[in-house]
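Q: Knowing the structure of chain W, use the given hints to seat chains A, R, C and X on it.
Chains W, A, R, C and X supply the protein sequences, listed in that same order. The first sequence: position 186 = 249 (the numbering used here), numbered continuously. The second sequence: position 234 = 297 (the numbering used here), numbered continuously. The third sequence: position 24 = 87 (the numbering used here), numbered continuously. The fourth sequence: position 298 = 361 (the numbering used here), numbered continuously. The fifth sequence: position 188 = 251 (the numbering used here), numbered continuously.
Since the hints were made in silico from the structure, they are not lab data. Be aware that a few hints might be false.
Unchecked claim - As a list, the in silico EDC-like pairs of lysine to aspartate or glutamate whose alpha-carbon atoms are at most 16 Å apart: (1) Lys-253(A) / Asp-229(W); (2) Lys-333(R) / Glu-329(C); (3) Lys-134(X) / Asp-223(C); (4) Lys-140(X) / Glu-289(C); (5) Lys-333(C) / Glu-329(X); (6) Lys-253(W) / Glu-310(X); (7) Lys-253(X) / Asp-229(C); (8) Lys-140(C) / Glu-289(R); (9) Lys-333(X) / Glu-329(C); (10) Lys-134(R) / Glu-113(R).
What the hints assert, rightly or not - Stretch-level coverage of chain A by chain W, calculated; a stretch enters the list once three of its residues show a Cβ under 8 Å from a Cβ in chain W: (11) 138-145; (12) 242-249; (13) 313-325; (14) 328-337.
Cβ atoms here follow ideal geometry from the backbone N, Cα and C, with glycine treated the same way.
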Amino acid sequence: MAILRGMIVDCAVYEHGKRRAGDLTLDQAGAACRSNEGFVWLGLVEPSAEELESIAREFHLHELAVEDAVKAQQRPKVELFGETLLVVVKTVTHPDPAHGIEVGELLVFVNADFIITVRHGDGELSSVRERVESQPERLAHGTGVVLYAILDHVVDGYGDVAQTIDGEIQAVEREVFSAERTNPAEQIYKLEREVLDLYRAVAPLLEAVDEIVEGRFDAIPKELHEYFRDVHDHLRRVTGRVNGFRELLSSALQANLTQVSVRQNEDMRKISAWVAIAAVPTMVAGIYGMNFDHMPELHWRYGYFTVLALIALVCFALYRRFKRVGWL
Amino acid sequence: MAILRGMIVDCAVYEHGKRRAGDLTLDQAGAACRSNEGFVWLGLVEPSAEELESIAREFHLHELAVEDAVKAQQRPKVELFGETLLVVVKTVTHPDPAHGIEVGELLVFVNADFIITVRHGDGELSSVRERVESQPERLAHGTGVVLYAILDHVVDGYGDVAQTIDGEIQAVEREVFSAERTNPAEQIYKLEREVLDLYRAVAPLLEAVDEIVEGRFDAIPKELHEYFRDVHDHLRRVTGRVNGFRELLSSALQANLTQVSVRQNEDMRKISAWVAIAAVPTMVAGIYGMNFDHMPELHWRYGYFTVLALIALVCFALYRRFKRVGWL
Amino acid sequence: MAILRGMIVDCAVYEHGKRRAGDLTLDQAGAACRSNEGFVWLGLVEPSAEELESIAREFHLHELAVEDAVKAQQRPKVELFGETLLVVVKTVTHPDPAHGIEVGELLVFVNADFIITVRHGDGELSSVRERVESQPERLAHGTGVVLYAILDHVVDGYGDVAQTIDGEIQAVEREVFSAERTNPAEQIYKLEREVLDLYRAVAPLLEAVDEIVEGRFDAIPKELHEYFRDVHDHLRRVTGRVNGFRELLSSALQANLTQVSVRQNEDMRKISAWVAIAAVPTMVAGIYGMNFDHMPELHWRYGYFTVLALIALVCFALYRRFKRVGWL
Amino acid sequence: MAILRGMIVDCAVYEHGKRRAGDLTLDQAGAACRSNEGFVWLGLVEPSAEELESIAREFHLHELAVEDAVKAQQRPKVELFGETLLVVVKTVTHPDPAHGIEVGELLVFVNADFIITVRHGDGELSSVRERVESQPERLAHGTGVVLYAILDHVVDGYGDVAQTIDGEIQAVEREVFSAERTNPAEQIYKLEREVLDLYRAVAPLLEAVDEIVEGRFDAIPKELHEYFRDVHDHLRRVTGRVNGFRELLSSALQANLTQVSVRQNEDMRKISAWVAIAAVPTMVAGIYGMNFDHMPELHWRYGYFTVLALIALVCFALYRRFKRVGWL
Amino acid sequence: MAILRGMIVDCAVYEHGKRRAGDLTLDQAGAACRSNEGFVWLGLVEPSAEELESIAREFHLHELAVEDAVKAQQRPKVELFGETLLVVVKTVTHPDPAHGIEVGELLVFVNADFIITVRHGDGELSSVRERVESQPERLAHGTGVVLYAILDHVVDGYGDVAQTIDGEIQAVEREVFSAERTNPAEQIYKLEREVLDLYRAVAPLLEAVDEIVEGRFDAIPKELHEYFRDVHDHLRRVTGRVNGFRELLSSALQANLTQVSVRQNEDMRKISAWVAIAAVPTMVAGIYGMNFDHMPELHWRYGYFTVLALIALVCFALYRRFKRVGWL
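For reference, chain W alone in the conformation it holds in the complex (with noise of 0.2 Å):
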């Protein structure tokens, strides 16, 4: 059993809403377990197949829920095997604005006497289990309590991502129209991945806490469905902040093209209008630079200034018109 200290963070039994002193050995959980009184609590870190195995075998776990839990590559969505429910939500941070946001998975094994976390990447529940067990008279309810508390962890992670994932777009809108020669298309277009990943975490679990919430498991008991409820209400929003996130992003793809496209052809237009500028002096000057015997212009004493004067005036002349109608 030594090899799976490692992979456990917390395992305690919880009676009338109190947490029982003392740490418990993985068979002293079990055996809890089938006691009857209360039930226990136990949060694992990417346990390898073996570790899962055995825990599988205390907790009477379903094969193919334990094959997801070893994989962690599964769809956000709530499952009955027996009598044991299997919730598996993904947990979104954005550490680093440079590297974009990072999904981690939590499943949760959850009946009447157990609750069992399993945990890939980020994702610390040690703040819910402070907080649940702050609130005794709540946590006697049973593991529902948990497993709301976890959810509502998770799902408040995904409004702190929205909000971060906001501000960005909000930064990015400001480049694009910015008088700067900036080209955020990339930017824009990772903002976009950033936003996929979100709405692949947050649609899927909305359905399955929809279940839920409509009363499809036992396992969760009906005086709890208001605080579920609550949650999918929270995921609705984020939900409909990620797909207005979508809209804008194609619509700013689509803004940025014009711009950058505006400010290079001003540029253009510019040094074109430079070139047309300085195309009239030489061409006057060619003219003189001939070589026929019989140009009187060439033998005026003040011939040659009143030719550079000309030059300047008409060199003006069109840096003004060009200057009025824009394109300098």
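A: Positioned in the frame of chain W, the structure of chains A, R, C and X alone reads:
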């Protein structure tokens, strides 16, 4: 109780459709509720968490519902907590074209005995109170009438904002297709954002009001369903318009790209055409600027003037031609 | 009652499918309704609020339904108020290609005893009245037949407008792909707006007529359902076409961007190619315009003509080449 | 009755799966129907209104159904009029790639006693008749078998057209991504129109056949449902392909814009690069064409040749560089 | 019967989860089926029509089902013909990045007595047979287990292909946003085609497996539903990813247009800026190349060098400025 005064906008008891004279303290209001004589309408504005706590205690509001009311970041929804209905709506105003729409939130706790409105941001209800108080025979039907009046008022506000946005879209369309050298990409994008905000206020409410119309909540007496159906109808009209806006703006963004690139290309073409015309005299002058010993034209009496005339002729011909094909 | 005369277009009692001779005053019409002999068909055009009030009193119309009829900004719908059905439809005409489609509104109050039509904007019904009066055996089925005839007429109008728009779309397509230097972006966008207006008239009606076909309203006798199913079918056909229009116009806008940018780039390429050709003589002439003491070519007898010939040759070769690769 | 002969393609009585010898007049066909011996299959092609009238009288067809059959502008549908089923399908052929697909219409009136097919446009049914007549044991099941054979034939036609369009799309894709200087925007757009036409023929029929499969019509015996399910399946396959076509064509239009603009920009870049190279000799030659008294280079013995060599060197260096960065 | 040998891959009887030793002829297999001892698993590969005929006779397969098996152009589906279930799935492999995905077809006829697999194209099942034969306790549940194992295998294949495509999409994204002068429009488009093919294999199967999970087919015993739910879950995950791919690729195409046009415009701007710089010496040199009698600068001692220095200075200043604004 003194601290509560600031956030209470108005508080009154209504019996048989008539307002009982005099202001109420919170205790009196609570007592009036329990006495089953008429109903209380309590109007709050941005209450603090503690203020809401004490109101929740007085009127037995559900913990989760109160949490929603403090945060004021809910989706529009209708939810039943025990006997009490919680209706959350977004109020939308468009005070200033430069700043886009502003979204507030209004939470309504309503059952047979009381109606409590909690307002965040804009969305004054005093005009609603005046209107319902002026129709005592209607008001005698109870709190449902007040809820209807509030929803009707809020949804009328949506209609007004949709009207304003419609005007702005038409203005931006004119700009897109005007001969002016403008690029309203940013305005179009901002309108898309506004329309999305409006959509997110309107669409979930549609669903929520639908549940009222279908008679899922006993708190709304059957004789009022026709009134809520009317609200529902207005909401659908607004939703229809908003969906139209989204489609139009998406097309406008694309059309704008076309127009902007057409106009910029026209400028470039014009400049290039002038440069091409100027290349002709430069070329001819270059040839007669060569220093060959034997260039018979150079010694002709009118060689210079002939060449000048030739250049002018060619340039004029080019100008005519470019004008005809639309390049100038 | 005199004030009412202006807005009443026609008012008659129909017994056993036949029109009773003579015009009716409003009181007579009301009395006829109550007598259960046949039914009354009252046609109004843009009545004022007070006029509608008095009619509502005479025929016991619901307050909310009357409100709808005054404002004339309803979504198409079918609603039951007590015994009376309110049918709201949009009438669509396309009088002038330059101004796009015009949308009017038609409200029909119908029960076993009367049918009241309130018209706003275009949408003359006299032809409908003539047609139903010419088929007394059908008209004997009661007010439902009149409602069918009206809907059939309105939906035929949709079909005509869809036909016109189809023609306009084909015209704009030809323009997009023509060799002409046109940019029909604005026409495409205007067509999108028209199609959207048509869609918003047609789509909600589809839903509403579906409810009639499914037999939700007792006011429409069962033997007429096949007729309304026929109307429903025509509506679906129009909706299908309108959806096709939206897709086509969206593609046309994109294709137009391609065509316009292709044509403009072709112009630029042509101008640039000519400028490139002109650069050759300028360059060569420049070289022989240098003032070095020792430039043997300058002293050759036919140096000048050789160079001229060379320049002509190179330019012609370039011209041939540019022609071949499609740049000229 | 003579006038009817032209539009009757074939008319026969089938008893126990076998065709009774000899041609029938319309009266004989009507009589055969009423005799309950086998069934009549009457095939018409583009009958006039009066011709259809007399047939409707003979076979008691519903007035609205007959109206549909005359106009031939129906949506695909299955509708029950009394005992008789009216099935409307679009026949689609693609005779000539230059002209796109052609849509005809086929109306089938079918009940236990007769099956009347009314054809508008293409869509010969003689091959279907041959096939069913060659399987008497199947044909003995009655008119439903004929209806199945017709639908099977029509839906096979959809599959063929989808196949042809698939080939055309692949051809256009090759053109989009070829190195050739082509702009297949118009072909893509025309394919979009064709696909839309095909979609409008196929999609509503899917729904209609679904109703048959679900057994809503007693006219189709239960033992044939599997056959209609097979038709339904083929329809879904075609619909799936058609939806794929729409998506592909929309992407192809966008990709084409990219390719066309890339190719055109490459041309411009190439021309500009050559102009830039030609600017160097012009510039250098200009400098040595100046008329200053003191320009030592001019008097060097090999000044001219040195400068020529220099110019050639610089131009060659530029050429190499432009080649390397991909501008030439 | 000899002709059948080629297309039979493997044929065995399974009793109590164990394979009965020895190969079977087709007659023996048919006899084994009828004896109700265990079940037969017959594996075919691309059988001809006659071969299938004889198998259909032996196992009483439905005519339409057999027709499907010959053509091998079916949509994925699950259909019941009498007692026998026909499951059609597409096998997808991605053997070579240059050629995209390859789609094969697998038809499974399954009832309590036999399971017949008909394979077209890729999709070897020998590994599946090995796996199920290694778990006799599971295999004892009957043919449903084999069907599950096949579906599990096929859906795992989808997951692998989705993984490969994901990698390809990321590669193309890197190319889009790289500094290199590449235009991966064609790759993006080809990926869109692949994703569409994958979608058309996956999406209809999702629906079909859903019907199994919901327990519509008695052929699949209830204790296996959890296993099929697992397959369903994997399918949904793949579908989710595929939908994400479609959205990403559509954005990538748009982003690529932006990037390509930005890079090409940068090239043009650079070339034009150099041409503009070169225009300055040309212009100045032209002026001092004029042949006026009185041009004092020409006679200055250091006039030439001063002008050269001036030209160099101006060109350098321009170069600095263009560098600063990002044009070079």
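Q: Confirm or reject each hint.
A: Checked hints:
1. Lys-253(A) / Asp-229(W): This hinted pair holds, its Cα atoms lying about 15 Å apart.
2. Lys-333(R) / Glu-329(C): Holds - the C-alpha atoms of Glu-329(C) and Lys-333(R) are around 14 Å apart, at most 16 Å.
3. Lys-134(X) / Asp-223(C): Holds - the C-alpha atoms of Asp-223(C) and Lys-134(X) are around 14 Å apart, at most 16 Å.
4. Lys-140(X) / Glu-289(C): The given pair, whose Cα atoms are some 14 Å apart, holds under the 16 Å limit.
5. Lys-333(C) / Glu-329(X): Given that 16 Å is the threshold and the Cα spacing comes to 14 Å, the pair holds.
6. Lys-253(W) / Glu-310(X): Status holds; Cα separation ~13 Å.
7. Lys-253(X) / Asp-229(C): Holds: Lys-253(X) and Asp-229(C) sit about 15 Å apart, inside 16 Å.
8. Lys-140(C) / Glu-289(R): Within the cut-off at roughly 14 Å; holds.
9. Lys-333(X) / Glu-329(C): holds, 14 Å
10. Lys-134(R) / Glu-113(R): holds, 13 Å
11. 138-145: Three-residue rule met by the segment 138-145 of chain A, so holds; n is 4.
12. 242-249: holds (count 4)
13. 313-325: holds (count 7)
14. 328-337: holds (count 6)
Going down the numbered hints, you'll see the structure goes against none, and every one checks out.
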